[in-house]
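Trainee: Residue-level listing of the chains:
Number of protein chains: 2
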Amino acid sequence: MRSSDVLNPASVAIVGASSDPERIGGIPIATMLQQGFAGELWPVNPARSDVQGLRCYDAIENLPAAPDAAIVAVPGALAADAVEALARRGTRSAIVFSAGFAEAGAAGAELQQRMVRAAQASGLRLFGPNTIGLFNAHAAYYPFFSTAFERGFPLPGRIGIASQSGAVGSQIFNIARNRGMGTPLCITTGNEADVTLGEAIGWLVDHPGIDVIVAYLEGLRRPELLLQALEAARRARKPVIVHKGGRSALGASAVQSHTAAIAGDDRLFDVVLDEFGAVRAEHTEQMLDIAYAAARRIYPVAGTLGVLTLSGGAGIQMSDAAERAGLAMPQMDGGSQQRLQALLPFASPVNPIDITAQSLNDIDLVGHFAREVAERGGYEAIAVYLAGVGGSLKKGPVLRRSFADVARAHPDRLWTILTTADREAVAAYEQDGLLVFEEPARAIHAIGALARFGRAFARPEAPALSQAMSPATTGAPLPATVPNEAEAKAWLASHGVACLPEALATDAQAAAAAAQGMGFPVVLKIVSPDIAHKSEVGGVQLDLRSAGEVRSAFAAVTAAVARARPDARIDGVLVAPQIADGVECLVSVHRDPQLGLFAAFGLGGIFVELLQDVVFRRCPFDEAAAHAMIAGIRGAPLLRGARGRPPADVDALARLLSRLSVLAHRHGERLRSIELNPVLVRPAGLGAWAADAVIELAAAGSGETRPCENR
Amino acid sequence: MRSSDVLNPASVAIVGASSDPERIGGIPIATMLQQGFAGELWPVNPARSDVQGLRCYDAIENLPAAPDAAIVAVPGALAADAVEALARRGTRSAIVFSAGFAEAGAAGAELQQRMVRAAQASGLRLFGPNTIGLFNAHAAYYPFFSTAFERGFPLPGRIGIASQSGAVGSQIFNIARNRGMGTPLCITTGNEADVTLGEAIGWLVDHPGIDVIVAYLEGLRRPELLLQALEAARRARKPVIVHKGGRSALGASAVQSHTAAIAGDDRLFDVVLDEFGAVRAEHTEQMLDIAYAAARRIYPVAGTLGVLTLSGGAGIQMSDAAERAGLAMPQMDGGSQQRLQALLPFASPVNPIDITAQSLNDIDLVGHFAREVAERGGYEAIAVYLAGVGGSLKKGPVLRRSFADVARAHPDRLWTILTTADREAVAAYEQDGLLVFEEPARAIHAIGALARFGRAFARPEAPALSQAMSPATTGAPLPATVPNEAEAKAWLASHGVACLPEALATDAQAAAAAAQGMGFPVVLKIVSPDIAHKSEVGGVQLDLRSAGEVRSAFAAVTAAVARARPDARIDGVLVAPQIADGVECLVSVHRDPQLGLFAAFGLGGIFVELLQDVVFRRCPFDEAAAHAMIAGIRGAPLLRGARGRPPADVDALARLLSRLSVLAHRHGERLRSIELNPVLVRPAGLGAWAADAVIELAAAGSGETRPCENR
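Taken in order, these protein sequences are the chains called B and X. Residue 436 in the numbering used here sits at position 215 of the first sequence; the count goes up by one each step and never skips. Residue 803 in the numbering used here sits at position 582 of the second sequence; the count goes up by one each step and never skips.
Some hints could be false.
Since the list can't tell identical chains apart, any single copy or any two copies may satisfy a pair.
[To be verified] Cut-off 16 Å, straight-line C-alpha distance, at most; resulting in silico cross-link-like pairs (EDC-like, lysine to aspartate or glutamate):
| id | residue 1 | residue 2 |
| --- | --- | --- |
| 1 | 615 | 324 |
| 2 | 616 | 643 |
| 3 | 616 | 371 |
| 4 | 616 | 583 |
| 5 | 616 | 243 |
| 6 | 755 | 788 |
| 7 | 615 | 371 |
| 8 | 615 | 243 |
To be clear, the hints were calculated from the coordinates, so they are not data collected in a lab.
Excised from the complex, chain B in its bound form (with noise of 0.2 Å):
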């Protein structure tokens, strides 16, 4: 379904109308009428015949026609009904307002079902239950029950909003609207019992009048639409900016392996968005700072600001801001910097400029050091600060002929004037094409959000898509039980993971025998299937040197484990080379319920665990990207060579890293987790080599995966 079908009907039935504007059933019929619909309103009211001046009819059997559109004001099981005999009849899209379903309890989660189950079948679309609505100021088409028009509808513009909670949605609305922005789009989406955020992210991607969306989340239904959503604005070039509230809420992992523990949903959540190149704000003042900003659709990609000021002090904090935002401030070359100071002498011409205050007894200089600093000095963003001056009665306007000619003449810079003026004085700058903030913090950091953009637009494709479709490997399958350390190891290495030579036995001597091949020292685990972590139960030596050694250590291995975990199947002892040359490293992929694959990647031991040192990427990816990951934890230089050491090989991490992302996704739903725990890490040019290795497998049929990971 299209956007247009679902924001522009030509009909709408509500259901439930009421004669009062002010009740839930009325207020729609009086928005749409006071704000001039163009299509059919039909009231649909059992006990009038007349509503708001409109011929109401007793029940949704007896419209003249299918409406196109539907809102459904009744309560409970009377809603239910409604949406059943509107799908009977053919209505596209019902905007259901009732509350008391899903989210009260069982007996309304059933009477949301029944709804669900007569939309799927007739291929109505439902909004809701439990949502204020929708509107579209385009089409005067307002299904929206809120007191956020008492105070002024939507003012013409190219941001729409997508919210889960209708109430924040409407908060959203009403403070764009008194900042000046306008929003003529907004769905919310309630319950979604049908229609979730993804969704309707997607349809205001698609609407050929939105370039900007802002969305509000709390929990994630259908996470798979999301993303395609987010992809086709990204490669629409359409900003999304996400605020998402309930740090907890995505849902617990149901995966046990380490590093699931540590990520916390809501950080894969972070993952994800930078990905897809959308930007997450804080709250709701932040998340409409990047949107006004974003509304003139110049992304500085390369991230460069020159900021011109009238105050020292605030070109201090601006560079502070744009040193927290990501954005760089070069400096003009020299013979530019000398045509500032022929300006005015006691300027400085280094970024910040600053002109100081004194300037303001020739007014136009400003202007004059404005048009400099666009022609000579390469911004793709340029802020001026003007403290109260920009606002003030008499230089004001000076200040605004002066930038309207300057930004006239350099319309592909992103211009901003930080001061503090009324909403008159700020309007004026802004036809002019101006943005105006009055906290520089604020404004550098929405700029530094628009080069994200810009670099995310930049893009060709995302990776993981490209990735996805290059050629199946050809290693064995995934086994069918959960594979012990040895089998798991030699899985891997069929998909050219890896990992370090080594030999199951089964008695003392043969332990030896196989360390003598391999030459010392070696390591001895214990292989089990009912033991994940070995070390816990002493089942594992280490730096053993001679055959004698390993003879002992393999009776002592035996023995600690048997006491500790008498019930344990034992499979044999595996003897493996201890390299002492390696940086140890834990590689890991594990399934999010929700949104799928992430691989993990950290320094071992203390690193992960204790200080939390881990970057997360959603699976699969290539080795590039993988790079990019490695160098992303803190104790990055511990890998190039620091406090003496040599460089390790992390060309062959970053290859471990990328095949097992790709094998795990080739692999699908059955695979919930693969931990490398150590990855020997050895010098460049020796390899990484995974020395143990747990898969976790769902049982079959479990169900306790769900589908949603690549499109």
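Once you've looked at the hints, dock chain X against the given chain B.
Mentor: Using the frame of chain B, we list chain X on its own:
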């Protein structure tokens, strides 16, 4: 000098007085005439006999009496002449607007020095030069030039502004006034030739009309006065909110130890603010958010927050924000929750308490809920989310009456309304004692800051002070010249800092004998006054397990050092036991040239150098503070026995850290740094031992350090 002397002069001379009310020499006269300054105004200008209707004098010498205060608005040498003349007459304060002094080069700096000399000789207090001045609206005293008054004068209120930057100070006033916040006192310090920001804050703290201080600074002159002012503010329960621009501007530390380089002056500034209970803001808007909330003078010491909301989504957002702000959101007891549900069955009585927008059908319910939550929830702060309804034309006034009643009944609570409303509606709530914010996240951040103030105000005395007053230790005096490792350890041991036993050997045989006395394994380390980092020159050998190994190692160490540093003076080789069960830590003190002595603590090696997992604290401090430091690193669990290790002797470590902080403090400015790296923290009961010690001393009379760290 007291604030009343500076802020309430009975007579004011204006040197360089202008008839033009828009020129620098004219603005203050026009302003004070308009606002009704009650004292004498004496223009000084040899070219005029009348200025803005006032008699004008031709010279300072010819004024009818010594003016209490003077504004100097003449350039360059004339300004210095004027200050000298004012000083001769006995004027108590001069505000020098003129620019072109220390900020403009050597000639200007000399003129500035001339003013300072004249001022200091007579006791005249000098503001600026290069300042836009100060104002005291209570006295209509406006020695201030700015366009900020164009749109209005300070509102009544109890917030004081102190700012180095005149433009920033003026803009803080401007924004505050637009938000309806009263800032009757403002002091900007400009070049700070005499009066610095610390003193300005101190005067605001002293002033009975001021409850809250907002301060902006960049550099830091006379930090001891700032610390005094912050401690005075803490004792007077007056919050100080500091915005510091220029994160690298505190000046580079001259100390060369590792930790000093990592510290960054900005981080030390944070440490100091935290110690004195001041709160740092990231930008002006955030600073004013906190000041606005602080003006109610209610500090939630326990940091408990009850949230009442019309929107579940907003409740979730506020919970997120509370977690970020360090606020607790405990639940009401079961009986109280039942009472809430009796009011409205479908409300969620779990904090954040969601009464849903449906409650608006009976608008009085909101007030009933608020009363229950206040009476039975025990929350120090109560925040109520009303979306746009709090400002709505019909329901807003009803809500306002409800909240006025409940706030009057519970004036000890910090009441905050989250709503979108126009200025008049906001002012109405404020009159009833409620705070109003539009963005919940900003409100809750501010409430979190108030909780920090509450905890700081509850402390009886700054710990550093009590510690400094305890009796002097009896250890040896600071060595006259830089001690070698053995001397350093002996000196430290005399002050109760545990150092590993060790012996200095000058030949291989003596080294072996010493090692046999201590027991194996041992380490050898070169001892030279010329070598600070021994392992870099091959001057360390570890894990020596026999007399033979010690003898070979002695030869290896001396040969390696002779190769690497043939010029170095060698005192011998130190023999010490090698501890295998110690956690390696770094403990150090270093003197910041501005903020004084700081101790640093972290785990050794990569934890400090790579992960920068280090905490700092101003010296001296007691063991409780040392325990807090130790618990403050990310890697702290390693000391508590993570990953199967025995818990380390944290008590001994805290004792060592505190003792080092006290002895460093006691031995004065010549001591530049002490670095104990590693300190080996053995299992509980076995102590924490410094295994290496490097002491840096300032050259005698070098003047490289400055007196500031204690009062």
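Trainee: If a hint holds in the structure, say so; if it does not, say that too.
Mentor: Checked hints:
1. 615 / 324: Classified as neither: same-chain Cα gap 57 Å, cross-chain 30 Å, threshold 16 Å.
2. 616 / 643: The answer is within: 14 Å in one copy meets 16 Å, while 27 Å across copies does not.
3. 616 / 371: For residue 616 and residue 371, only the inter-copy Cα distance (11 Å) is at most 16 Å; the intra-copy one is 36 Å.
4. 616 / 583: within (10 Å within a copy, 51 Å between copies)
5. 616 / 243: between (47 Å within a copy, 12 Å between copies)
6. 755 / 788: within (15 Å within a copy, 54 Å between copies)
7. 615 / 371: between (35 Å within a copy, 10 Å between copies)
8. 615 / 243: This pair counts as between: shortest inter-copy Cα distance 12 Å, intra-copy 46 Å.
In the structure shown, a violation is registered for the earlier hint numbered 1 alone.
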